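K.L.:
These are the residues of each chain, in order.
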Amino acid sequence: MHARLYRSLYRIRRVEEEIARVYASDKIKSPVHLSIGQEAVSVGVCDALRPDDVVFGTYRGHAMYLAKGGDMAAMVAELYGKVGGCTRGKGGSMHLIDTECGVMGTSAVVGTTIANAAGYAYAMKVRRSDAVVASFFGDGATEEGVFAETLNFAVLKKLPVLFVCENNGFAIHTAQAKRQGLTDICARARAYGMPAERIDGNDVLTLRDRAEAAIERMRGGEGPQFIEATTYRWREHVGPGQDFHLGYREQADCDAAQARDAVRAIAEMLDPKERALIESAVELEVREAFQFAEASAFPTTDDLMTDIFTEEADALANR
Amino acid sequence: MHARLYRSLYRIRRVEEEIARVYASDKIKSPVHLSIGQEAVSVGVCDALRPDDVVFGTYRGHAMYLAKGGDMAAMVAELYGKVGGCTRGKGGSMHLIDTECGVMGTSAVVGTTIANAAGYAYAMKVRRSDAVVASFFGDGATEEGVFAETLNFAVLKKLPVLFVCENNGFAIHTAQAKRQGLTDICARARAYGMPAERIDGNDVLTLRDRAEAAIERMRGGEGPQFIEATTYRWREHVGPGQDFHLGYREQADCDAAQARDAVRAIAEMLDPKERALIESAVELEVREAFQFAEASAFPTTDDLMTDIFTEEADALANR
Amino acid sequence: MLSPTAKAAPRPAPKPAAERTRSFVEAVREATEQEMARDENVVLYGLDVDDPKAIQGTTLGLPAKFGAERVFGTPLSEDAMTGAAIGMALAGLRPIHVHIRMDFLLLAVNQLLNVAAKSRYMYGGRVNVPMVVRAMIGKSWGQGAQHSQGLHSFFMHVPGIKVVAPSTPYDAKGTLAAAVRDDNPVLYVEHRLLHFQKGPVPAESYTVQPGKARITVPGSDVTVVGISYMQVEALRAAKYLADVGVKAEVIDPIWLNPLDTDTIAESVARTGRLLVVDTAWTNCGAAAEIVSRVGEKLQGEVPFRFQRMGFAPTTCPTTPTLEDAFYPNARTIAAAARDLVEGRKTGWLPAERADLQSIEFKGPF
Amino acid sequence: MLSPTAKAAPRPAPKPAAERTRSFVEAVREATEQEMARDENVVLYGLDVDDPKAIQGTTLGLPAKFGAERVFGTPLSEDAMTGAAIGMALAGLRPIHVHIRMDFLLLAVNQLLNVAAKSRYMYGGRVNVPMVVRAMIGKSWGQGAQHSQGLHSFFMHVPGIKVVAPSTPYDAKGTLAAAVRDDNPVLYVEHRLLHFQKGPVPAESYTVQPGKARITVPGSDVTVVGISYMQVEALRAAKYLADVGVKAEVIDPIWLNPLDTDTIAESVARTGRLLVVDTAWTNCGAAAEIVSRVGEKLQGEVPFRFQRMGFAPTTCPTTPTLEDAFYPNARTIAAAARDLVEGRKTGWLPAERADLQSIEFKGPF
Ligand SMILES: Cc1ncc(C[n+]2csc(CCOP(=O)(O)OP(=O)(O)O)c2C)c(N)n1
Ligand SMILES: Cc1ncc(C[n+]2csc(CCOP(=O)(O)OP(=O)(O)O)c2C)c(N)n1
Ligand SMILES: [Mg+2]
Ligand SMILES: [Mg+2]
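Residue numbers (the numbering used here), protein chains in the order written: chain X, 1 to 319; chain G, 320 to 638; chain U, 639 to 1003; chain L, 1004 to 1368.
Calculated from the structure, these hints are not laboratory results.
All values derive from a computational prediction rather than experimental measurement.
Careful, some of the hints might be misleading.
As the list claims (entries may be wrong) - Taking lysine-lysine pairs in the PhoX-like style, the calculated list, with each CA pair at most 20 Å apart, reads:
1. L:Lys-1068 to L:Lys-1056
2. X:Lys-125 to G:Lys-497
3. U:Lys-983 to L:Lys-1300
4. U:Lys-691 to G:Lys-497
5. L:Lys-1348 to L:Lys-1201
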């Protein structure tokens, strides 16, 4: 399990570092919201999911997409705006999808996918499937009305949704306490009737355990579960750089978070040889992903007017 | 105080009974959502408010409007669609207003005025006024996202808003438990950091006391307060009649509520002479209100295109 | 480019299956029932769909027939419940989400326009979002500012969601079936006054697909396009016009997106006059769009004159004296059409014919 | 009827106060600062208005100057925060509520259109709702489906809210001041690419009131109406057109509701050709409205030809090859205008002039 978790963590970390590095070249035709520092949340939860379980997330979605098994080359190509991208260049970094491994979408409008996840879970229930849904969102999203509405609905219908709040303490540059009268997000979940627990989002092993337990409860029909994972974003809100010069947060907080880096922590638990093997495989995958992106073509303008509706309807509309 | 409360309770009860009676004649040009059975909630809270405090409410707003001192004749004329109406025939029963006594409006879209109340309270804070705002809404409204959003904002900014949930157990014909996973509305308020208490909405004396205490705390800068008042609607959701034949609720529940009728309870605490005096004064007011409504004219079509914008802008738009 | 076109003839009138008459409400209910029986993925939900009044009867009996999992009432949470429809659709269900007032859609447009309408495109064609949103327009009897709006133009403005506004029981049934089977999101606009209409409705299941408008009255003097309930008023207007010898051609677009511009433009090319009557405001409304499209098709070839009618450009009042003036009706439509035909303000307004009176809506609210 | 009209001449060009040049961002900041200093009831708030990036600088220094009570960031709660603006306005404050993307307004339209726009009317004229909503349209650099929409037509459709879309720093300052002093709700449309524009801005406070459009380039061959950022592209297009001897008259409507139809119609009466270019979809959009209104004014009197341009009728893609094709630009506008003038498809597209290139937006996102 450690090897698996490490592979997943390292894979996300490395591809995002590479994205940040390449960024200055302007090859990436899209804003990027990096997860560097927050990888363990996606990795811990997704590791406890089955392939037929699905996830919904946000514009800060690289980690979730990859942790659930999303195709790395298709993701990088998407950032490059190429036809080989997971949405063929139409969605960019903020709208990743890989339906084959259960990545059901990420949205640039905060909070929206929380409700989509509940709807998907409703379908699972109607179908008597024991597949579950994980919904990833930030601390900021818990202030949107749709969050409260969805929690109530999920409890009412006992839906198999694992709500995962990635609490990195900020919405863009505004700290949680400047936005929330009471900063106890779990209390909100409980007030709607849902078991909730707050977990250190750097502690990938505990997180994985608790997620697994919650998922088991859901498969057993106990209804929605809530995890608040505390974490820290190392880079700026959007873009590849640092932002401590802005003054809205302290370098010291980042240093503390980095001292507890899950990627390094798990690395240190591995046999060095095993670790090296994983790392070189990931390096290769990353290199190939960027090569794939470079080699892939840009869409042609013919693609502008497809996929609005299903094909037949697009034809009717464009006749 | 008992006399004052009784006058207010009786006034609401009687005018609504009269509305229900007249309804069949088609003189009332508007749907009506009667408060019969729920009067004590508005009366208890509004009695603890000062004239310069304000209230916001819902389409079921006759009781709140009258309890806060709204002009009865203007309300009845409004139901008749007459120019003497409180909105000159433009708003009808669902959009009552009487700014002179602090009735700041009622809305037909569930939940909307909750946020408006918070904004008004923000203005009071900026102005260093010690006036407070009471926001009335139903149990159904607590399911709308705007409810949660507003609670958070009110706590964050320590706004002087008294949130009053009139919990009559139903939204139209759907019972609370069919809509809420956990039916503890106070728990939601507390999860956002607000003191909350559930009070028997027929017990107008206790309600008044607790509202007064909450209002004092707000004037002292302690921020928003929450009261859930349990109550029961005697008539159908909209319209003048009964609806037990629909089968969504039991006559027995209504009987139980009627046995604890606040109007009768307070009446019985009064000296019979005093009671008779109050009642005959109210009867006169009611009669005169209907006479005023009958006598008032319908607006002319010239009024259709006024009040869209302020006058000057309407003139520009219509030039 | 969006202009979808029926190069061939417009949609023929449905055969007057005199044998079977149903109300609009029954037609909606029947389509829903047949689609739910046909495809177990169809689910029906929304505020109060399972309550005793059953959304004016349109959902009557369906909870009992299909069970509480496939037919259910919801909390008062328009935003999340709309988002849930999208999630259901992504999972392969075909939700029908019902709103008793179109005004409440303003709480749902973030999910409808930012997510549902865009998902297929922004996910590069990898998903379908088959969902139907039924939304009702209120009118009369003091519905007022917040219970009377026709907001279909918002959904015509943003690409990615189809819009249909049937005016007959026949089309109500056929378009709802088509909408449910459509793999794209569809807004189904229902006018409360139409619920009372009766007309021929075949018992078997059938679809009325997008693509073609219907010429409901052929004529040669003026083309009158009536949207949703205004189709009924337009048909009445045609009778008032016939009384004075004006031959109106009345068109029901049925689908507003995709819109069959060709049928309308072809008619205007013949009549030289276009009157579009909507059950909504005209400013940036469907009427503006139809006028613009017909202009795009005919300019430089066939000159024509036009007028738009719809809600008065103000908020909907409750008192009847103002409410009457707020809406177009058969007589004001006839008057406008005649003025168009004569090319001047005639001042004519037909005397009310008892057989052509509008129904006054009087609850259930 | 809604058609507001400037019977007199259109708005004169602002005097080129060569002495003082400011950016659009600075103009917005300056108007806000002056209005806040002038009237203590003005408050400024919205997500991130008090953060280090200060909404591209438009709110820079204002928290320090006016204090955290009058300038504040908010939770991520667009619906409630919009409702709060209405409550503040009812209490006599004059809130300015800022949204960094117009797309997010879809979470706020219930309060804006069901409550703010209707309050004065439905309360019989007993209240004013003086509030300004600043909403930004994104473009370029992969903003994509949900960060690029121009939804101003929704606010033009529903009566009761004014809409303004300034394109120059001069108008940005003057219309914002006018909006803040207006007793009605106003939607203030800001295009992110305009933020970079520089131009003359007087230091003193002044207003640019509704009522009059501005003729920004006089011409005789074709009338080009450019809305918001498309005004900039239209001005560039006029230069491309001048290169081939076509004299375009360019008009900036500035206020979209009330809209100065007269100035546009009078111009079209002279040129006989109308091209409306919007930074939004055309279907039921501002372009459809302008075309319809000009038609209403001129039909039967002056024949004219027209075309609408705007977003391609699809969802906004992120990749540059598709994104470029999604938007009109100076060259495609010039091509369309020339085709209108020549009355045929010429196939002409001007070669790009380096001095007329569009700015590529590249963050801060
Ligand atoms: C509805 C909505 N409002 C505002 C924004 C602008 N915005 C983009 S990201 C963001 C912060 C979200 O914070 P959080 O949910 O904590 O996620 P994080 O970025 O920290 O991962 C905001 C306000 C948006 N995208 N959507
Ligand atoms: C946003 C919105 N959704 C739905 C409705 C339809 N509706 C009108 S009243 C009502 C029930 C509201 O219940 P509650 O808040 O408990 O108030 P009550 O009528 O019981 O006083 C509903 C769903 C509405 N008016 N507004
Ligand atoms: Mg965060
Ligand atoms: Mg209730």
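K.L.:
For every hint, state whether the structure bears it out.
P.N.:
Here is how each hint holds up against the structure:
| no. | hint | in the structure |
| --- | --- | --- |
| 1 | L:Lys-1068 to L:Lys-1056 | holds (16 Å) |
| 2 | X:Lys-125 to G:Lys-497 | holds (18 Å) |
| 3 | U:Lys-983 to L:Lys-1300 | holds (15 Å) |
| 4 | U:Lys-691 to G:Lys-497 | holds (16 Å) |
| 5 | L:Lys-1348 to L:Lys-1201 | violated (36 Å) |
In this structure, the one hint that does not hold is number 5.
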